[in-house]
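Given chain A, work out where chain B should sit, using these hints.
2 protein chains.
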Amino acid sequence: MSGGGRDDRSVAEKLFAIADAFAGAEELTLSEIAARAALPLSTAHRLVGEWTEWGGLVRGDDGRYRVGMRMWRLGVREPTARRLRNAAMPYLEDLLDATGEHVHLAVRDGLGVVYLERRSGEKAVAMVSDIGTILPLHATGVGLALLAHAPADVYDDVVAAGLRRFQQNTITDEGELRRRLAEVRQTGIATSVQALTRGAFSVAAPVRDATGEVVAAVSIIAHVERLGEPQFGLGVRIAARGISAALGYRAPGT
Amino acid sequence: MSGGGRDDRSVAEKLFAIADAFAGAEELTLSEIAARAALPLSTAHRLVGEWTEWGGLVRGDDGRYRVGMRMWRLGVREPTARRLRNAAMPYLEDLLDATGEHVHLAVRDGLGVVYLERRSGEKAVAMVSDIGTILPLHATGVGLALLAHAPADVYDDVVAAGLRRFQQNTITDEGELRRRLAEVRQTGIATSVQALTRGAFSVAAPVRDATGEVVAAVSIIAHVERLGEPQFGLGVRIAARGISAALGYRAPGT
Numbered sequence: 001m002s003g004g005g006r007d008d009r010s011v012a013e014k015l016f017a018i019a020d021a022f023a024g025a026e027e028l029t030l031s032e033i034a035a036r037a038a039l040p041l042s043t044a045h046r047l048v049g050e051w052t053e054w055g056g057l058v059r060g061d062d063g064r065y066r067v068g069m070r071m072w073r074l075g076v077r078e079p080t081a082r083r084l085r086n087a088a089m090p091y092l093e094d095l096l097d098a099t100g101e102h103v104h105l106a107v108r109d110g111l112g113v114v115y116l117e118r119r120s121g122e123k124a125v126a127m128v129s130d131i132g133t134i135l136p137l138h139a140t141g142v143g144l145a146l147l148a149h150a151p152a153d154v155y156d157d158v159v160a161a162g163l164r165r166f167q168q169n170t171i172t173d174e175g176e177l178r179r180r181l182a183e184v185r186q187t188g189i190a191t192s193v194q195a196l197t198r199g200a201f202s203v204a205a206p207v208r209d210a211t212g213e214v215v216a217a218v219s220i221i222a223h224v225e226r227l228g229e230p231q232f233g234l235g236v237r238i239a240a241r242g243i244s245a246a247l248g249y250r251a252p253g254t
Numbered sequence: 001m002s003g004g005g006r007d008d009r010s011v012a013e014k015l016f017a018i019a020d021a022f023a024g025a026e027e028l029t030l031s032e033i034a035a036r037a038a039l040p041l042s043t044a045h046r047l048v049g050e051w052t053e054w055g056g057l058v059r060g061d062d063g064r065y066r067v068g069m070r071m072w073r074l075g076v077r078e079p080t081a082r083r084l085r086n087a088a089m090p091y092l093e094d095l096l097d098a099t100g101e102h103v104h105l106a107v108r109d110g111l112g113v114v115y116l117e118r119r120s121g122e123k124a125v126a127m128v129s130d131i132g133t134i135l136p137l138h139a140t141g142v143g144l145a146l147l148a149h150a151p152a153d154v155y156d157d158v159v160a161a162g163l164r165r166f167q168q169n170t171i172t173d174e175g176e177l178r179r180r181l182a183e184v185r186q187t188g189i190a191t192s193v194q195a196l197t198r199g200a201f202s203v204a205a206p207v208r209d210a211t212g213e214v215v216a217a218v219s220i221i222a223h224v225e226r227l228g229e230p231q232f233g234l235g236v237r238i239a240a241r242g243i244s245a246a247l248g249y250r251a252p253g254t
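Order-wise, the sequence lines are chains A and B.
Quick note, the first sequence lines up with residues 1 to 254 if you use the UniProt record's numbering.
Quick note, the second sequence lines up with residues 1 to 254 if you use the UniProt record's numbering.
Incorrect hints may appear among the rest.
[Stated by the list, open to error] Just some of the chain A residues that point at chain B, by a computed CB distance under 7 Å: (1) F22; (2) W54; (3) V76; (4) D109.
[Stated by the list, open to error] Chain A stretches covered by chain B per the calculated footprint, using a threshold of three residues with CB under 8 Å from any CB of chain B: (5) 8–19; (6) 64–74; (7) 77–85.
[As the list claims (entries may be wrong)] Computed spacing ranges between beta-carbons, pair by pair: (8) B:G5 with A:E26: 22 to 32 Å; (9) B:E213 with A:V193: 41 to 51 Å; (10) B:G60 with A:D20: 44 to 54 Å; (11) A:Q168 with B:P230: 21 to 31 Å; (12) A:V224 with B:G60: 38 to 48 Å.
Note that these hints are calculated values from the structure, not bench results.
Since this is a predicted model, take the numbers as computed values, not measurements.
Glycine included, every Cβ here is placed at the ideal spot set by N, Cα and C.
If we strip away everything but chain A, and leave its shape as in the complex, we get (with noise of 0.2 Å):
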């Protein structure tokens, strides 16, 4: 888009592209806007006024830009989040309290999983995603979980676009992750240990909704040190299934 060439982008796209320079930064320059956005400085300056002025974007004393309150107060009408997020809330409170480790709630979102909610105890392991972070699906105990029960094709395209590495023991080589897929179906838990943040392992759940579909994860993010201890799996097999009831789903046989 930059580098010369003519910008064919609408006016709506170059909003948006505003917008997206936010996914990865809190706050930001306008000449950080203008980079990340691709847009020449007088562009990106009248496009972030009218940003500010409808208040999805506010500029601070220091004259640098965040998200504003607007744009929360939208995000927050997403209605899958807060169906959710409700449905969950009990739950993840209740594996902080039998873990004080980190307890999650996610989705997948393309090819990538999000965390909807995060609780987390004093001592739980240092981490870098938050809520709202896009994480990779082969390399995360929620993004197992979610895989193992998404389409044909969510599987492929994640192969095709490349299963990066992160750490030593990330997932890299499709035959293996084939085989961890469905090693998820069988037991109902994915266990994914050293695989993006180093000292930290994730057990995760699949939560369904009423038509039976998977729709959800619920996962615990603990130090390594604690991966032989049995509640974590059992935890979140326990939640995962409360949080389905409270969506309206009926395993089969009951």
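Below, chain B alone, put in the same frame as chain A:
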């Protein structure tokens, strides 16, 4: 804007008018969006198409539009809501455990008040408001707690906008509002009884950040039959103190 005159709005303003159509609705048809945004159907169709292409809105199988996960992901980047929620969540859980009613964290947004977070007991009173809804400052406990500590021009604007009556008990007289706000500043607690919702009362207390500024309020909304019970005022005051401390506030003399 509608009704014959020329539409001087920029493309950005029209896009934002479409987004604003979802402030009070979970799902809208294209005609409903066009009507709410005061746009011709053809313009609405084109711009809604831009929103859905990006993912800020999604179109369901029934043809109705709702806010999309992309907007949610962006909204959760809003730094104030994140910081306040993280500090408040353990206290909200404790208040919920102690009361079994609705517990809230709220901030002022212009001349209204918005719940950033809610946790609710199973037997809590029925309410129409939800996270992200804008509520009136003069008719809610959190609103009175925030208005009591807001800049004088906010007070003037609230009075100038008119004190709308929602229930028989709503404060509609400026003299009474002034007295009640003075009382809030003196006691540290704001109480609002059946002012917005019949059968419910709310008790709220202000939360301060490291600079001493009131940045949020914590509240309980409970069945009006429980109005005399002492734990509500005590609970919100202690919770507000704890959240303020977590935000770095040190009370004078401590």
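For each hint, the structure was consulted:
A distance limit of 7 Å between C-beta atoms decides the matter here; for F22 of chain A the minimum to chain B is near 5 Å, and the interface restraint holds. Checking W54 of chain A against chain B by beta carbon gives a least distance of about 4 Å; that is within 7 Å, so the hint holds. The restraint placing V76 of chain A at the interface with chain B holds, with a minimum CB-CB distance near 4 Å, inside the 7 Å limit. Satisfaction of the interface hint for D109 of chain A is found here, the shortest Cβ-Cβ separation to chain B being roughly 6 Å, below the 7 Å cut-off.
Given as covered by chain B, the region 8–19 of chain A passes the check, having 7 residues with a CB less than 8 Å from a CB of that chain where 3 are the minimum. Here the region 64–74 of chain A counts 8 residues with a CB under 8 Å from a CB of chain B, which clears the bar of 3, and the coverage holds. Residues of the region 77–85 of chain A with a Cβ under 8 Å from some Cβ of chain B number 6, which satisfies the need for three, so the listed coverage holds. Distance hint check: the CB atoms of G5 of chain B and E26 of chain A are about 41 Å apart, inconsistent with the given range 22 to 32 Å.
With their beta carbons about 45 Å apart, E213 of chain B and V193 of chain A fall inside the hinted range of 41 to 51 Å. Checked against the hint of 44 to 54 Å, the C-beta distance between G60 of chain B and D20 of chain A comes to roughly 24 Å, which is inconsistent with it. Remark: the range hint 21 to 31 Å for Q168 of chain A to P230 of chain B is contradicted by a beta-carbon distance near 58 Å. For the hinted restraint 38 to 48 Å between V224 of chain A and G60 of chain B, the CB-CB distance of approximately 42 Å keeps it satisfied.
The structure does not agree with the numbered hints 8, 10 and 11 stated previously, though it agrees with the rest.
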